[in-house]
Amino acid sequence: MRDADGFGRHPAHNRENGSFRTRAPGPESSSGERSRLSPQLLAQSRPEAGDFCQTRRVFGALIRIDSVTKRYPDGTVAVDRLSLEIPDRAITVLVGPSGCGKTTTLRMINRMVEPSEGTILLDGKDIQQQPVNTLRRSMGYVIQNAGLFQHRTILDNIATVPRLLGWGKERSRARARELMDRVGLDGTLARRYPYQLSGGQQQRVGVARALAADPPVLLMDEPFSAVDPVVRKGLQDELLRIQEELAKTIVFVTHDIDEAVKLGTMVAVMRTGGRLAQFAPPAELLTDPADAFVEDFLGTDRGIRRLSFFTAAGLDLLTAPIVAVDATAEQIAARDTADVPYLLVTDLDGRPLGWAESGELTAGSIETDRLLPHGRPFAAGTDSLRAALDCAVLSPTGWAVAVDGEGRAAGVVSQQTIAEAIRGAHANSARTTQKVAP
Amino acid sequence: MSGLFDMPSYLEYSYFGLVGLHLREALIPVLAGLLVALPLAQLCVRVRWLYPPVLWVTTILYAIPSLAFFVVLIDYTGLSETTVMIPLAVYSLVVLVPAIVDGVRAVPQETLAAATAMGFGPVRRYLQVQLPIAAPAIIAGLRVACVSSISLVSVGMLIGNQGALGNMLDAGLKYDQPRLVWLSVGGTAVLATAVDAVLIGLRLLLTPWMPRGARTPAVKEATG
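Protein chains in written order, with numbering that gives the first Met the number 0: chain A, 0 to 437; chain B, 0 to 223.
There could be a bad hint or two in this list.
Now the stretches of chain B that chain A is said to cover, found in silico as 3 or more residues with beta-carbon under 8 Å [what the hints assert, rightly or not]:
#1 106 to 115
#2 125 to 139
#3 199 to 211
Partial list, derived from the structure: chain A residues whose beta carbon lies under 7 Å from chain B [to be verified]:
#4 TYR140
#5 GLY146
#6 LEU163
DEER-style ranges, computed between Cβ atoms [to be verified]:
#7 GLY167/A to GLY2/B: 36 to 46 Å
#8 THR58/B to SER224/A: 37 to 47 Å
#9 MET209/B to GLY98/A: 32 to 42 Å
#10 SER224/A to LEU203/B: 44 to 54 Å
#11 VAL35/B to GLN127/A: 31 to 41 Å
#12 ALA225/A to TRP181/B: 51 to 61 Å
#13 ASP290/A to THR58/B: 51 to 61 Å
#14 GLY167/A to ILE59/B: 49 to 59 Å
#15 GLY77/B to PRO130/A: 47 to 57 Å
What the hints contain is simulated information worked out from the structure, not anything from laboratory work. Where a beta carbon is used, it is the ideal one built from N, C-alpha and C, also for glycine.
Isolated chain B, as found in the complex (with noise of 0.2 Å):
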């Protein structure tokens, strides 16, 4: 009768549209989130005694259940996507803050202190040194966010037609049509292992200074 990728016109995308709709509600609020979290946690890095209340408010934010984001927001912003994506935004803080935070932090002294000596300010050390070298923690953070953003964008079916993939499971649960409930399903987790492997490829494109054991022969095991 249908193709499998055939949707019911209720749903009002195509399955292709409702992967890209899925992924752009996933993926700005994971991208806004980092644009908030990088001088927050600059903040938190300079003024040390910041850091641990400002991780108890975004746990605090998290623990928030989206709907109840949804209840205020809706007298705003409406039954819109920027509805569904605010409250992922904020959750994404709760990785993306300790993840920019511990990854400056771990930048080593000596580096600090040599860049310091050289007369790099503050302004250039931040960006040229702490940064790229806490690259690889950052790119590690933005991978929780997001994933986890792409499983929660589903919720956004409680606000109307605005969950994605998440309406097309709700379709599929309501309908009984197991079609939907898999291609819901797999559609998500292909969608999420997808995003994780590109930044993945992201860090090891942005890294080509990290050991990476067998791949790359280094010097000392050359000659030790």
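Bound-form chain A, shown alone (with noise of 0.2 Å):
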């Protein structure tokens, strides 16, 4: 319906590619009214990036930061005439290197930080109109090592906002209780003490006590830096999967270039100086850096991490050169074709067991324990071409093997045939592919 509801709206946005990070507020914005862009306006005004980021919805803005500057006393511009259009109920990730002003950027939206010159209007209000503490409140706030009340149980951290907010202790303590298990803590850690947490618990308690009073929107600044790199992943996908329930609009600071290309649905580079280098979905970043900031900024590999916006499931799959463990003679001379030279063998269930060279198996005494692994599987119908990529490259045969749900052996691909679709899906922007987790 809000897609619907936003398509034709604003023709000015067809005109001109990446008129999204460039276009000066429309007349919406100073009625107060918020913009909205459908997923197909933006495939359209963005010929190139639009195919493979359809499926990540972009709605209006809810918080609209109008050329902002915040200038030190000493001179220094930490931010310099920032213009951003932050998306509703989506995740936009501010980043680039330190000193680059994307937490000043941050800290003026819930003014902890007061901007000189500009204004931030959150929902077509401008945020210098409110009081303070009440704005702050809407508003989640989670920080790198979650800057905990170490006096405070776990619940009670949960349960901060809602207090303040003058909700009944039963009542916000009900409710940080129901974010524990949202954020996946368990309940027995509710009598505890932040000490007594580890680095990756404590920052779940960090964003359960964001979300707490169930605020519109999230502010996170650098929340995952302080926690090893398995932890972090995991926290990721959590929000990840948080913001699929609950669909907050999210602002996220971070200086990992692959953190925001894996979270955000809109990815601000920012340089140092406090400039916007470049406003664009992940795709279209990794696809079409603005400029040679933002090509390095992306390092080296941006090729390889863009192929984790195309799925896998449209690769010619072969079957087969696939046998069972039980195979017969017959089945086997069948199956070992001229044009691949390696069988997969597989237990009775499908499951795949590993690769056998081409002409070595004899029925009925296949020795499973002298098979060549056959590495890491891709998921056939849900992972991207970078995880079949990397199964390919990973393989000893070169052969990356795919499975099923079940993790019964879908077919196997060579690593040429994925080369081809990955051309394929270069050139042939028409093709509609989505992101998935790399």
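The task is to assemble the complex, starting from two chains supplied on their own in separate frames and drawing on the hints.
Shown next as structure tokens:
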């Protein structure tokens, strides 16, 4: 409904590529109405990006940052004439090297830093016009190292904002328990104190605390930077899952471009001096960096990372070179084709066991422990081309194994076939693919 | 002839009466000092440049001998308990002000940022976040202040019968009664130790959130 509602309302956006990042505030901003951009519209405005970002929905701007500058008394400019439209119900990531003003920008949204020039509108209303503590209580805030209140129990930490809003003690705690469950914290931790939790658990408490009063906006300042990579990945996946359920407007600050690409619906790359370098969906960022700075910041493997946005569902999987462990001599002979130098052996349920060289298998006496390892398989329907390529590169035979939802071998595919699919995906802009987890 | 705790009549109190007086004369000044130190310390936290001069002043006040205080104060408050307690309250500031300032300043920046971002006003943030987290440091300051105050009360004997256990010591020395000397010195030591123990207990009671080594099995230890 939103989409239909917004479609065609802003014909101006169709005119030029990348208008989303550069256009001046339209008339609807002055009247306080939220502009709505449909996915179709975005797709049209960016032909080469639209084809694989269609499924990432972008709604109207909830937070509008309008030529905001932050200048400190000593003359340092932290943020320089920044204009951003932060879309509603999506994750917008501010990313850039240290000193690029990303945290300052975030802190201006809840007025922990006041801008020197420019305005910030929340839902069409100037944030300067609202009482500061009311504004802040309507925005969840998560920071590095969680910043938990060490003198309060986990439950009371999470119940903080509801208590500030005047909820009763019991209602606040009931709400806090609900959130512990939502962020994947065991209920037995409720009465513990922060020092008794691991870094990852503390960060979950931080997220729960920010969500406690169900604020429409969530501000996250490098929340996962201080935890180890495994825990970080878990927290990122958890955030995406929670976002799927709650659809908050999230502004997320990080210096990690991989995190930005993984989490962001929109990514704002900022450069030193507090200027915006590019504001685009991650797929477009990887395909079409605005300048040398963005390209450099994205790193050397942006081509590989971009493959995360192409699905592997369209790959031509070969089912011929797959035999079960109890295969007869005729079956083996029939499967042993000249174009594939290996045979994939599966167990009786069809799960892959390993590779055998062509002509090596003898019916009835297949020794499973002498097979070549097949490596980590990819999910045929849901994984990305990046995952498929990774499997093929790591496989000792150069062939990747695709599995279905039950882990049964769905087919095998060679590096060459994947390479062709990549070329096809790049060339065929009409093809619809979706972003899947790398 | 007489019991261990019998007191000569010129001391005006029973032994435990003297102990009670001693305790009162020692602790009320510390309490008064705390009431002055809390806002003073908050001022020093908010106005950073104020902290060094405030520290100098408290140190200089601490260096003034109590006798000098008494000479000035007698004109106003006479030979009373108040005259003994005012210098003691002033002396406690030299410990309490830095204890509170350092304690409040040691609250992690991210905790403060989180509190601000969640919509705590400055007063609420001070009372509900900064002070509770600074409590261990403040109680550590109180322990030093109390013990020092308990030992200093004895100088009250300089203005007559206001030194509590100090007067007893004085009497014991003057009239060569080792029993009184021992009762006085021992009593002071026991008093100081007891008050210190109460404050440690108070700290344990107020800060269940502090890591306490082996006493509380932490999740981290259990899993790592």
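Failing hints, ascending?
-> When the structure is compared with the hints, numbers 7, 10 turn out to be violated.
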